[in-house]
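Between the sequences and the hints, there should be enough to build the whole structure, so can you do that?
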Amino acid sequence: MNKLPKWVDVALIPFINLVLALLVSGLVVLWIGENPLHAMQIIVQGSLGSAYGLGYTLYYTTNFVFTGLAVAVAFQARMFNIGGEGQALLGGVGVAIICLGVNWPHWLLALPAAIVAGALFGAGWSLIPAYLQAKRGSHIVITTIMFNFIAYSLMVYLLVNHFKPAGEMAPESAAFVAGSHLPSGHEALGWLGINFPKSPPVNVSFIVALIACVLVWLLIWRTRLGYAIRAFGLSETAASYAGISSFRIIMVSMLISGALAGLMAVNSVMGEAERLLIDSVQGAGFVGIAVALMGRSHPLGVLLAALLFGLLYQGGAELEFELPSVTREMIVVIQGLVILFTGALENMVRLPVENYFIRRKAGN
Amino acid sequence: MDLLVVVQLLDSMLRLSAPLLFACLAGLYSERAGIFDIGLEGKLLASAFFSAAFAAITGSVWLGMAAGITASVLLALIHGVASITFRGNQLISGVAINFLASGLTALIGQNWFKIGGRTPSLSGDARFLPVDLPFASALADVPIIGPLYSDLISGHTILVYVGLLAVPTTWWILFRTRFGLRLRAVGENPEAVDTGGISVTRLRYQATLICGLLCGLGGAYLATGMAAGFIKDMSAGKGFMALAALIFAKWRPGYALYACLLFGLLEAIAIRYQSIQIAGVGTVPVQFMQALPYILTIIILAGFVGKAIPPRAGGVPYVKER
Amino acid sequence: DPAIIYDLGGKFDKSFNESAYTGAEGWKARTGGSYREIEIQSEAQREQAIRRLASSGSNPIVMTGFAFASTLAAVAPDFPDTKFAIIDSVVDEPNVRSVVFSEHEGSYLVGVIAGMTTKTNTVGFVGGMGIGLIKRFACGYVQGVKAVNPDIQVIQQMTGSDPSAWNDPVKGSEITKSQVSSGADIVYHAAGGTGVGVLQAAHDAGILGIGVDSNQNHLHPGSVLTSMLKRVDVAVDELFTAGTDLSTGVKVLGVAENGVGYALDEHNAPLIPEDVLAEVEAKRAAIADGNLQVHNYTTDDSCPVN
Amino acid sequence: MTAPAIELRNISKAFGPVQANKDISISVAPKTIHGIVGENGAGKSTLMSILYGFYRADKGEIFVNGEQMDIPNSQAAIAAGIGMVHQHFKLVQNFTVLENVVLGAEDQILLQPSLEKARSLLQELAEGYELKVDPDALIEELSVGHQQRVEILKALYRRANILILDEPTGVLTPAEADHLFRILRSLRDEGKTIILITHKLREIMAVTDTVSVMRRGEMTATVKTTDTNPQHLAELMVGRSVLLRLQKEKADPGSTVLKIDNLCVSDSRGVERLKNISMQVRQGEILGIAGVDGNGQSELLQVLGGLATGTGSVEINGQELPLSGAGSDAQARREWGIAHVPEDRQLLGLVMDFMAWENMAFGYQHDERCRRGPFLMDIQSMQDYCRDKMKQFDVRPPSITALAKNFSGGNQQKIVLAREIDRNPDLLVVGQPTRGVDVGAIEFIHQQILDLRDAGAAVLLISVELDEIFSLADRVAVLFDGRIVGERVVSETNEGELGLLMAGIAESPAQAESRAISVTA
Ligand SMILES: Nc1ncnc2c1ncn2[C@@H]1O[C@H](COP(=O)(O)OP(=O)(O)OP(=O)(O)O)[C@@H](O)[C@H]1O
Ligand SMILES: Nc1ncnc2c1ncn2[C@@H]1O[C@H](COP(=O)(O)OP(=O)(O)OP(=O)(O)O)[C@@H](O)[C@H]1O
Ligand SMILES: [Mg+2]
Ligand SMILES: [Mg+2]
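Chains as they are written, first to last, in the working numbering: chain B, 139 to 502; chain E, 646 to 967; chain H, 20 to 325; chain P, 439 to 959.
Treat each hint with caution, since some may be false.
[Said to hold, decoys possible] Keeping only pairs whose Cα atoms sit at most 25 Å apart, straight-line, the calculated DSS-like set for lysine-lysine is:
id : chain 1 : residue 1 : chain 2 : residue 2
1  : P       : 843       : B       : 144
2  : P       : 469       : P       : 638
3  : H       : 165       : H       : 138
4  : P       : 713       : P       : 697
5  : P       : 843       : B       : 499
6  : P       : 843       : P       : 829
7  : E       : 965       : P       : 460
8  : B       : 499       : P       : 497
9  : P       : 555       : P       : 570
10 : E       : 965       : B       : 273
11 : P       : 460       : B       : 499
12 : H       : 270       : H       : 47
13 : H       : 47        : E       : 759
14 : P       : 469       : P       : 697
15 : P       : 697       : P       : 460
16 : P       : 638       : P       : 460
17 : B       : 273       : B       : 499
18 : P       : 460       : P       : 497
19 : E       : 965       : P       : 497
20 : P       : 662       : E       : 965
21 : P       : 638       : P       : 662
22 : P       : 843       : P       : 460
Since the hints were derived computationally from the structure, they do not count as laboratory data.
Written out as structure tokens, the structure is:
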């Protein structure tokens, strides 16, 4: 019941939330006995200060764009998909099957196949939670949490019993066929004559992530399905009045969400590891929650928030390297604080800001 | 299977289900009061770390436990402030708390002890040691009763018994006291409580704090009773499993005990046998055993085996004036 | 400068990684040099860690653990001017030194000690992941035990099939408790961080544990019978000392090279009487000069005794 | 003269931008039944909730028995001897009656003694006031009438001397209501003071001693019941002389559009809310459905709008309309040419966080006008259309990008109406079209509905406002307890007759049926 200027809602409040989260993080760093400004400098320097760092930042960003979009799409339908972790793991299985099973002549053929497989497997892993929510009202948060754990177990089982080449000790699949190798930043930019370092794992999946952002934006704001999803998310009762089927919206939004999470494997499994590892997701499914919250469930916001978290992740790795007393768990703390301030404690910031603007308007 | 193996398995089940039980009862108080809590995991972890850390520093497991409980209660308070005072999303708050606990424990652990985020190994008074119940050694040689009593029932740390006692106590508090009545009411219909002249906020904070306390005990048990020190992420999903047990138990203390024992038993089996041969079924991989609690919970949630109806006002912030 | 990357257990796992750490620190103290180190936190960080160090000019780069094998095989060709060394696995690249240990020989020796010490004629073994490397430990151990007395029963259990099996003390202690109740009075572990729980549980139950990799005798003085030494510390020191001149190829460290052995110090001396000491020393000499062949599980994926 | 039992001075309360109470003063004499009447949203419940400590007033003073009191919470109100039966019951559904009664009034830590005490007291009260209810029954198993008794028992158990009842009869059968009034009288005769909120003038006249009238957050008058009459009260309530009727042409009904036979609808708990109703509406005709809120009107709207399932037969232009399963959803209803203006525009009719142009297509997003290609929306065309409609219906402000929640109630309703009427539906079902809408807008909305009728549509109008029925409808059917208890031609009936029907004091269903046939045939 208020008329806040739009920029307050989409920019100012998230910004204040972020500043609060960073302030508290700074206090933690201070408590550990390091200089927060110095730590900040290392993070920024390490993530943006060199082509090398940027390459890693963008690699992480790619992961977080996928999982962030996954959470965001579900949020639009007021579904809280905590299962990105499991869906991304399963997406990895799909991608691995494609990259191991076919002797691809060229990555341009392998990539679409892997996208389809990753999306299908990811969506498949959200199918049962979605169905149970839609048909039986089983809380999606609980079921997706359960499915994350089931996915971990399934992953170990699959790797140990099916993917692991005989005689190998580590639970990981064989290396993917050479034809499924995605051009890295080094190679791709090399075609344009740009010299980009060899090691960072950023690869053409980054482009796929950007395309996914555009497609999600189109879906949510330009298609009739997106219209229905948003209507359902904003008012379930009104949606039923309009003849929008709750079953259909829950299923569709959760399947799209799962598919997006599964797509993350194209970057991490196919693009980076080039084999299926046991924890290829590394918590990115959860980072997606923070990303979607910060990004206000809008693809552009998700992209920016994913960049922020990519920066934190890469910077965090450098931080650990440079300041041994600040381990990379610092990033997990920052992530928790961002989720706390932008998600759970939103009203703490929003109410005073709202009051301020309402009073200012009244004053005029 | 001979008696010895069974006793061993049950013995192990008791040990393994104790942390689940604490967390499950913790969740029970919170959710019965209408506050969903997926941050049980984080509270367990925080408590595990701080109890081990303080036990290591002070040499006293009791001081350690107090520190663990304090940490867990502080996290519970954050959850309370977010979800009661500021009417935030309880699920998001829970997620945030899990992250905070996971990050802070490793970070502080490394900072304090510089051994990779773990605490030094605890020994002597810095740990909860098994207590022998009266007559345990005297009865040990009596057939059947002997092993059952002196191996299975006796010889656990004090916290295991506290956990078991917490079950009837919780039942009694919920169903036999004024506080319990109000607590259950506030999770079903906070307006009824409010118009009855009782503060919804206060009740919910109380429930959250009890939740913190119990998670604190669970964490202390994890690090100073079951293990001899803290290692990174040692709660390893137990908080979520407790949540599963809570749903499985349909938010009732007695069933909660059974659910936790069942999950503990599954874990005990999974630890001992890397694969299990079942006649007619074939080999059951250990991963299936590990996933079984979650699968069972999904089946319950799906409503195929009885319906788990959560407290009606659960997860919804109490808003009096829009 | 040289650099080292520790595996998931971290450099303070009181075991394998810690032994590598001791070696690195020893080198530093001795030469006054400096080195860089990374403890990886997850599987997916392996590659970043290697590349990070290689790009920043560290040379040679040592990594501890077989799990680095596939990653290293993929990364090493990208840095032809950098020398890499991997411990516990063989990577066939021109710039990689592979260091493997004859764990079966060391395990055989502690098996002999266990066999001569057990009173219940039952001893236990707790492995980490059920992989070939660990079965090599187990098989050597069983051979040693049975060499003393073929009637001794050896209970063997693995902790799990994924890397978390290296870092789960609670699981280790649960398994140990179950072995104790089955009559074992000595339990040997080859389970990294999980072993902390094994030794703890052995101590709590009043039986003897046997440590692995590092000398773990001090963890519970009087309750750790001995430790199977795998001189990762010696290997790391040697690799660091060789520096950029490191020769590549495979190097096997066994009893003869003093790469493996058993620990004897003030903590466990009272536990090992003269006759046991004499016997195990005799075996050690026999293995060293080739008179005694201990079967290596990984050569044919099978063990002659069980 | 004794001090008033309750005196409120200059109470004001705002909910955000809504000024629910403005500077209200009222005085209630002890040992009387004091009625408060007012339209929906007048602020009656808010005022009483302030007195009961559920809300805090922004300003104003409260005196109880002559003493100034601060009532920060319900506990304080209870301590001051005030009890309240809320419009929406505040009971814990899966608790027993006993547990609900003691909740918040337990006198010690242990529960059992309190429960025992309550059990015996309940017994006494039950006998004293005819308030029988099984103390061990779960609330969810009780009828609403019994649930209300529990609420009254709750108040009495807390030794309330001043009892507030907020619209207690809205959900009661007439027999239950009469029973309630008997109880209220005997409570008063025992020395208790009772404040009765209702918007049913019949009840005010029947049981109160004094009556206060509220309108739009203000107190407009307090009079002795014996000194007034319903007509006068009604004028005070709506703030104008009643029956401001539009000029309307005589209906010229054509062929039958809607034919309902033996329609039954049950709610989610399986309680039958519509019982074998039958009716017909023809082209160019408005059939009004009158009745007290909660007698099945919502279910009728829902089943026709595709929001609920039912059994029986409904025909549209002679074709059988599916009442459950495939093809019975709201989308399908629109394809059948049924437009639905829901009772609750904020909950159903609009997505409050959608912009005006998005809401203008709501439910019709698959129309040719809204689509571009197989997936996309034609945003340009949707916006142009919205701009047109907003001009035509004089929606203010005329901003197509404003969110629905930022329009006033009347303008929100205009958006819904514009959208539904514009499709030239064969049948328009409309619920409470002017609830919470001001006079100017009412006139406009009524005119639109009449125009639609004159253009040949069949209109089913559901309204609790008899005024509205008389202004618009050509025929009127009265719903009572899920049944149609009578049907009249509007020009041949009067408010008195309909009021009796609405109160359930009427002909038998069989009679109603035969009359319905004779009227429509
Ligand atoms: N908790 C609340 N938050 C915000 N607005 C409210 C709240 N309660 C009531 N209102 C608003 O205050 C105004 C007065 O409402 P109130 O419930 O007091 O009316 P009422 O006279 O009791 O109406 P009714 O006859 O429908 O019960 C309405 O506009 C209503 O929407
Ligand atoms: N929460 C709000 N924030 C901003 N503007 C509002 C809000 N509520 C109402 N308005 C604006 O204030 C104006 C008056 O609103 P109000 O609800 O008082 O109208 P009203 O006089 O009741 O009219 P109606 O009879 O049409 O309901 C409207 O133009 C509306 O757009
Ligand atoms: Mg009201
Ligand atoms: Mg209005």
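Does residue 460 (chain P) sit within 25 Å of residue 843 (chain P), going by the straight-line distance between their CA atoms? 23 Å, holds
Does the structure keep residue 965 (chain E) and residue 460 (chain P) at a Cα separation of 25 Å or less? 20 Å, holds
Proposed proximity, residue 499 (chain B) with residue 843 (chain P) (alpha carbon, max 25 Å): Since the Cα atoms of residue 843 (chain P) and residue 499 (chain B) sit roughly 18 Å apart, the hinted pair holds (cutoff 25 Å).
With the threshold set at 25 Å, check whether the alpha-carbon distance from residue 165 (chain H) to residue 138 (chain H) stays at or below it. Within the cut-off at roughly 14 Å; holds.
Hinted pair residue 469 (chain P) and residue 697 (chain P), Cα distance within 25 Å: 53 Å, violated
Pairwise hint evaluation, residue 460 (chain P) against residue 697 (chain P), where the allowed Cα distance is 25 Å at most: 47 Å, violated
Does residue 965 (chain E) lie within 25 Å of residue 662 (chain P) when you go C-alpha to C-alpha? Violated, at about 35 Å.
If you draw a straight line from the CA of residue 270 (chain H) to the CA of residue 47 (chain H), is it 25 Å or shorter? Holds, at about 23 Å.
Decide if the proposed pair is consistent with the structure: residue 460 (chain P) and residue 497 (chain P), CA atoms, cutoff 25 Å inclusive. Answer holds: residue 460 (chain P) to residue 497 (chain P) is near 10 Å, not above 25 Å.
Given the proposed pairing of residue 273 (chain B) with residue 499 (chain B), does the C-alpha separation stay at or below 25 Å? Distance ~46 Å between residue 273 (chain B) and residue 499 (chain B) Cα, so the pair is violated.
Compare the distance between the alpha carbons of residue 469 (chain P) and residue 638 (chain P) with 25 Å, and conclude whether the hinted pair is satisfied. Holds. Residue 469 (chain P) to residue 638 (chain P) sits at ~22 Å (cutoff 25 Å).
Agreement of residue 713 (chain P) and residue 697 (chain P) with the hint, judged by alpha carbon distance not exceeding 25 Å: Given that 25 Å is the threshold and the Cα spacing comes to 16 Å, the pair holds.
Consistency note: the structure conflicts with the earlier hints numbered 10, 14, 15, 17 and 20.
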